[in-house]
Amino acid sequence: MGLDPLVRFSSRVQDYVRYRPSYPQEIVPLLVRECGLTQSSRIADVGSGTGLLAQLFLKFGCKVTGVEPNAEMRRAGEEFLAGYPAFSSVAGQAERTGLPDGSVDMITAGQAFHWFQPEETRREFRRILRPDGWVVLIWNERRVTSDGFLAGYEDLVREYAPEYGVVDHRRIGAEAITAFYEHDRWRLPSLNMCRSSIWPARAGGWPRLLMLRNRARRSMKR
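Mapping of the sequence shown onto this note's numbering: position 30 corresponds to residue 123, and the numbering continues sequentially without gaps.
Warning: the hint list may mix true and false statements.
[What the hints assert, rightly or not] Cross-link-like lysine to aspartate or glutamate pairs, in silico, EDC-like; alpha carbons within 20 Å at most:
#1 K156 to E119
#2 K152 to E171
#3 K156 to E213
#4 K156 to D225
#5 K152 to E172
#6 K156 to E171
#7 K156 to E172
#8 K152 to E119
#9 K152 to E127
[As the list claims (entries may be wrong)] Here are the computed distance ranges between Cβ atoms for each label pair:
#10 S133 to A184: 23 to 29 Å
#11 D248 to P211: 26 to 32 Å
#12 P224 to A269: 22 to 28 Å
#13 A272 to A179: 45 to 51 Å
#14 L249 to D225: 26 to 32 Å
Note that these hints are calculated values from the structure, not bench results. Only a predicted model underlies this, so the values are computations on that prediction, with no experimental measurement involved. No residue lacks a Cβ here, since even glycine has one placed at the ideal position from N, Cα and C.
Construct all of the structure, not just a fragment, from the sequences and the given hints.
So, in structure tokens, the structure goes:
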């Protein structure tokens, strides 16, 4: 399986539709509190895929534009969100969204930022965001333990998916985000949602960031 995100997911769209988990509903009140999200906010969901993250904001009342480079994924998202008049969809990618200058209040990326080219994406996000806009990076994370079922599952993935070490989003950490924003003025506020970490930052002329990692709690019955 190649690493080009433009074609990598074409053959697995139906698996994503059937099996990929959605995102916690608590994301919306978190962004209301931390970022001033309102029902009038315009959102660009970059790497929108099958539309799971966009749906949270559409239910809240926001207008959302899904930006998705993969044609098959984009069609699946359009079908999934067909009942939301406030949703629109464009063929684009993080580095070239095709959206107008200063057209959105918030950019979201769910399970996607690790596919972006940082320098080109930084320029594009600056271009399309309005003043005081936010970038919100979100990942659902599988808990990895030192033994037991989840450890065995991790070993299985590494054995049969040799590219896993390259595409694993957990390689994105503070250093990568600092490089993307070109500064290291981070703070780490608390978040009462499963076990998560958020990193907001702001610099003059550059939008603020909220980075959210949701580590789902799972229990295994013996």
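Results for each hint:
no.	hint	in the structure
1	K156 to E119	holds, 19 Å
2	K152 to E171	holds, 15 Å
3	K156 to E213	violated, 25 Å
4	K156 to D225	holds, 18 Å
5	K152 to E172	holds, 16 Å
6	K156 to E171	holds, 14 Å
7	K156 to E172	holds, 17 Å
8	K152 to E119	holds, 13 Å
9	K152 to E127	holds, 19 Å
10	S133 to A184: 23 to 29 Å	holds, 26 Å
11	D248 to P211: 26 to 32 Å	holds, 30 Å
12	P224 to A269: 22 to 28 Å	holds, 25 Å
13	A272 to A179: 45 to 51 Å	violated, 34 Å
14	L249 to D225: 26 to 32 Å	violated, 45 Å
When the structure is compared with the earlier hints, violations turn up for hints 3, 13 and 14 and for no others.
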